[in-house]
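Chemist: So you can see what is in the structure, the chains are spelled out below.
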Amino acid sequence: MTLLEVDQLSVTYTPRDQPAVRAVRDVSFTISDGEFVGLLGESGCGKSTLGNALLRLLSPPARIIGGRVLFDGADLATLHTRQLRELRWTNLSTVFQSSMNSLNPVIRIREQFADTFAAHRVTDNVDTRAAELMELVSLDRRVLRAFPHELSGGMKQRVALALALALRPKLVLLDEPTTGLDVVVQRSILDRLAELRQELGFAVLFISHDLGTVLQMADRVLVMYAGEIVENRPAAELRSDPRHPYTRGLLGSYADPRQPEVRITSIPGRTPDLSVSHPGCLFAPRCPYAEDACTQTHPALLPDHGGLVRCLVAQADRLPTTPPGPLTGATVDPAFVATGGAEVASISPGIADAAGTSSAGAAGARSPNAGSGSLSAADTDEATGAGETAAILVVHDVHKRYTTRKGLRTNTVTAISGVSLALHRGRVTALVGQSGSGKTTIARLITGIERPTTGEVRFNGGGDGDGDPTRVDRLRGRALRDYRRHVQMVFQDPFAALNPTRTVAYALSRPLVNYGGLRGGAARDRAAELLESVGLFPAGQFLDKLPHQLSGGQRQRVVTARALAPDPAVLIADEPISMLDVSIRAEILELLADLVRTRRLAMLYITHDLLSARLLADEVLVLNRGELVESGPTAEVIGAPRNDYTKLLLDSIPRL
Amino acid sequence: MSTPAPAVPTPSRNTQTAVEQGHRSGMRGRLLGRQPGWFAILWRNRKCRIGLLILAGFVLVALFAPVLAPYDPRSNDFPTSLGPTGDHWLGTTVQGEDVFSQLVVGARTSLIVGLAAGLLSTLVGLVIGLTAGYAGGWVDEILSFLINLGLVVPALPLMVTLAAYSPVRGLWLIIFVISVTGWAYGARIKRSQIITLRTRDYITAARFAGDGTARIIAREIVPNMTSLIVVGFMGAALAAIGGEAGLAFLGLGDPLTVSWGTMLNQASLGGAMITGQWAWLIAPGLTLALLITSFTLINFGIDALSNPHLREDG
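These protein sequence lines map, in sequence, to chains C and D.
Take the first sequence: its position 514, counting from 1, is numbered 514 in this note's numbering, and each next residue is one higher.
Take the second sequence: its position 96, counting from 1, is numbered 96 in this note's numbering, and each next residue is one higher.
Since the hints were made in silico from the structure, they are not lab data.
Don't take every hint at face value.
Claimed, not checked - Computed list of lysine to aspartate or glutamate pairs in DMTMM-like fashion (alpha-carbon distance at most 25 Å, straight line): (1) C/K406 <-> D/E141; (2) D/K47 <-> C/D17; (3) C/K406 <-> D/D140.
Isolated chain D, as found in the complex (with noise of 0.2 Å):
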């Protein structure tokens, strides 16, 4: 016969074993605790983090604008189709404004769009993509049925017609455009993962502890979906962002917002090619491409947020 344990005092045994149970889980909860938050994760992520840094730039340019601009980018003083010079570093346009001024204040139209338009469009497609696949049956025929007609539907001559044919112009327009035919691909991936998601027994459990549809969605399936949330966001303003310079490229923008869309527009319109001013053409071009590189970047870090396996490298 053997002395019981002396870490193991002699109570009924059902307290005992619980208290013990519940000291070694508190234990494990701070280690657990000690995970990282979303932000150690991206940044953790090379490649998120250069994209972090660079989108980080993008937006203190945006919000210094009126700062760093050295000139008025609308005051046409200057002498025109200048080339780059130590007065205006990215030289001036046809009309003689300065392209550097332009370019900085541009910076805050993309990301501007980006942001609303991104999350108008996740919205949309949270809204819908979660209606139709939670309710199931008709809802989700009707649903699905708009989902793939905004799907197939070409995106880019839609945009175009809407803003061409639109009776008032301006930056929420194009905001409003980009919207409307960028919100199907978002549902779509909401609806196939809420379908998966909505027969798990902690939402039929729900539904037995009493909670309504929109509880039920609100409460419990979308924190299980912020990365994908995440992910689609970032999608969308990526789409959202190119979408308005493709608009203003086609002279379809707002032509009293200073954009990268509309000086690119200006600079084919202006002979840039034919002047030889390269700055005037190429510095709006390279910008885009590198916010919008920026956001690719983010995303490999924002996968490993939903996926603890690609957390292990990189």
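Next comes chain C alone, as it looks inside the complex (with noise of 0.2 Å):
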């Protein structure tokens, strides 16, 4: 029976100072009882805002400006405040993506509980049922006791579940529940909402960017791009034939590492502005299989090969029949190819030449272990000449201890223990484990700006070079602003890592001033240099652009840029790609691996994410609670896990 009923939603954005924007745009679906419905999007798609009008929590500029919800059989949309209020929770509650700070920090988690009941008049007693609630989620009842500060993120995620589930509604909304938990508590809290479906069957709306995820847990899948519903297939049949040029790109950027062989690729191009209106299909400027008719007629969500798409082609029936997907690399759809997906890497220790003979494989081909013979030419002469090199960065033997004083007692805690590691010039480390095992105090030790309690970091690359290694432990003032030439950092949120009030060609030009010695115009051109280096063309374009001008993955180039400025030898990225747009993340590791060969950096790639790890990596360190539990080769590490932390790491992700 249909529980909702989404006809011809439409919300609009109309800030005063910008083009309005329509951000959902004719939506139509259903979700019938006990239906676990996935909504899968990239950012700025419109899947929160739909989430959001869906429950009628549209603050201005945004406003529903069209369409019907119905649930239940009243419209959600012209519904009276107050018969909305008795629904809402009852019927429909929701998770949000911020749970982590939906709790009131200063009321114990049972009053919350306490407020849920007293507003819906339950009648029940408040400890039994909260305790009963918390019993499901899989949490300590002693919880009930505690403020929100004294709970981990993922127990606030199970709260927020609970406290969703306090009133058995109908139909639970998820927005991005797990997005922000680390992969293993992630998993914990989503195999018990699939075990909680089961017995209480409610049904779920899960709003989510995590292809692996929503495909392993929906049983229906709605993708959605610039505002529209795109494709709405069974899970399944999504996996084995997406319809959807676009649905066929998301599920090219992901791979499930454990496989022998690896390759993801990206979308070119950029979403399409939405506060313009295009006539044609909005994803035909980045569609590979875009027709002439594509830029002229906006294509209908009509059904095709049970569930319905919207792509002229795909309705033609002229798509191509190349079963995409992770599995497939080595019959890549030159045509999708071709137009720009942008290949990383086809790595495949075993099978020698299938980086070789597919299409574009050259181009982006590496191998995980310098020895093995399936080179692709252009790596040969780099692979040798890394070979076996001496480290150029040492961290031998470091302990870090934090010493926190309150009041009388003082609180140690160990946030690394005895690790050791070495980066080598033209190769790639990753360093792989969950939030707090202690990888970016790892990187902080290395770029100096935190000091090992004991242990030594050694630097081999300085100046002149046959010297004395530095002690980077030990530096301080001019000493380690002149090493940090040498050792430079990506960080992980391009949005926050470039000033907003500064240019391109300023943030790039204060390490050429720095460190170059570079003035004005000089300085200017190298920027400009730069920028081309990194994919970014015509550089003049951008050189006067402020960070809010340029898209997610422009800015990471240009964070990119900047760190090559002063040449460096070593580059520490820190999750580099985590807060990108799965579509483009192939583009920026393809970059990162085309400088660490062409410049023959040594790079120190920081992650919790093993896809990506075992796309860019020569060696994988995983570290657990500041040891290093297991290191090796890439494809080792990752293909035969010894340590039961690296087997639990890699179980934490989803199987296509």
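Mind assembling these two chains? They're in different frames, but the hints should get you there.
Modeler: As structure tokens, then:
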């Protein structure tokens, strides 16, 4: 039976200072009783706006401009506020994207439940019912006495889920419920969610950008692009036979790192500007299959192969039949590659010819270890050169303890214990672990932001070369500044790493002025060269832009260019792609791989994402609670993990 | 096998992607470039618009005071203690000076004090707050102690004491006294703001780019807190105008300057209440209130400047 029916729903943002944006456009879909529907899309596609519109939680300048949201026969879009309030939470509840912050910090967890019950006149005993709910989400009932700040992110998220289920709703809307949580925690919460749905039979609308999770959890998947549903299809069919080119692109950007051969692609271009009207298909400019008609005719969402799809080519059955997806890298459709499917890597330890023979393989092929036979021509001399040179940076038996003082008590936390690692020119070393495992602390020790409690960090590439290694753990002041000429960072969040009030040219010119002694025009010319070296053509267009005028991927390229400006020997990349949309991650990975190769950089790649580690790194170090638990060549560590923690990390990745 | 889109030619994939992105971001850039300037945002807010108009009125009066004032404010050739008449719109003082002329010329004093003391205390607060917040450690300990001292010392008695025992008299003394007692609040706010800003990635990035502390503060941090600085300046100017009036009312002002405060002081000494010269008493009080109100109204607009959410309504 249909529980929720969304009919031609449109939402527009009409800010005063900018043109109106059609964020959600004629969206129609239904959710049946007990169904688990995934809503998949990248940032800015309108998925959260749609979620908020369903709950009628939009605030100005956003407004529903048309359509109906029928829930159990009542139209939520026009319902009187009082009736709406009765319906909300009782029948229709939600876990917000920022659930971590949605619990009131000044009241105990029990009171949050009591509030909910009181507001909806539930007469059950609060303590019994709340304790039941805690049990439901696998939390100890003592949590009820805690304040939100005493709980971890994962626990808070479980509490939010318990609150959402408190009144036995028929539909739960989950908006990126596990984004920002660790892979391991995420896995356990999602597993529990799946079990609960079995038990309680509520329907779910699961909004996420995480393709693997959505495909694994959902019965049916809606794919959203630029405010429209472009595909609506059962999850299993979407995986095996995606019909919209965008869905194909998304699937191509995901792969299971455990597979013997891993390949991901990116979707070129960027999302359309929704403040102007487009006559044709919104995806056409980025679409490898687009035909003339696509630029003129806006496709409708029509039945096709057992689902709904919004694509003229697919509806005319002219889509190439290539089954895409991660497992079929060797037969990538040439059209997709030629029009910009930036292929990052094709790693095939056992299959020597796979990389060499695939049409675009030569461009991005890399080998996990410098001796194997699967190298393409471009790699050979670099690999032998990088072969067994001395390490450029050595971390030796480093410990880091933090001591906090609270009144008379001192509290010591060990962040890092006994970590040793070495970075080599032309090689990528990935440092993998959950948040809190000490990854970032190691980066801070290497870059001299912090000093180790005991142990040494030695750098062998300073200035004239053959002198004694630099003891990074003893540097201060000017010496530290001079050292940073050689060791630069690419930051996690490209939105935070660029000063919003400074132009690209300014950001790039600073290291050039400080380390290179360049002035004025010379610095600007060099900045332009740097931009071109990270793939921003023509550079003149970008020099005078402010960060907010660039897309996420472009910003990350600028951040990378800035790190390259002093011509460093070592590059520390701290989760450089985790904040980017999945469809452009491959692009940035490819850029980094390219830079390591052409500039013979030594790179420390910090990540929790084993897929990107698999694609980029020559060597993987697994960090757990400040200790290295496993290390070795990438393919070995990920292909045949020996440590339990490594296995746990790998098992947390959704299997497709 | 489909043909590639006509819009997408086939040069090497990297170049083409970037060029395409470039064009689009250019288009986007122009759109964003149409962001209204700061003045447009202030002007659109109704409260702020009223405030700006009032302030503009006062500024004009102050600028053209010699033209607008019918008589010399210090000349005492007129009949004393007159009520409002055709010749003397607001009457005359006990000494026989024209009240309206004093009122017009007094606007100058208030605005000069507001501007100068506002700037001075904002500057002091900025330097101390930024240094404390950015440096941290013992520098912060010492400067924070100073700031806290500045906050807890009761400003009015200190102002009175400083003004009363100072060997010199004059407008600049008043400005100095007000700045010395009024910088701490702004410093505290700027310190906490810089503490949140200094851990941003782009600050770390500037350090990695080899920039020194002074440059990071001036070029990376300050541009990100302009609205806070402006709000701070408005607040300081407001307090300064009030402070000057207060000191002058207590008889601690510069006896040679005509200001609304000294007018109030003399009206009260000259027994304006008793002689029924309400205009002499009320006029300077009213103008003061109006000027202070205009600052407050403008602050509504400045809020919208720093918080785009507030721009949507009003």
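Chemist: Are the hints correct? Go through all of them and say.
Modeler: Verification of the supplied hints:
1. C/K406 <-> D/E141: Roughly 18 Å between the alpha carbons, so the hint for C/K406 and D/E141 holds.
2. D/K47 <-> C/D17: Status holds; Cα separation ~19 Å.
3. C/K406 <-> D/D140: holds, 19 Å
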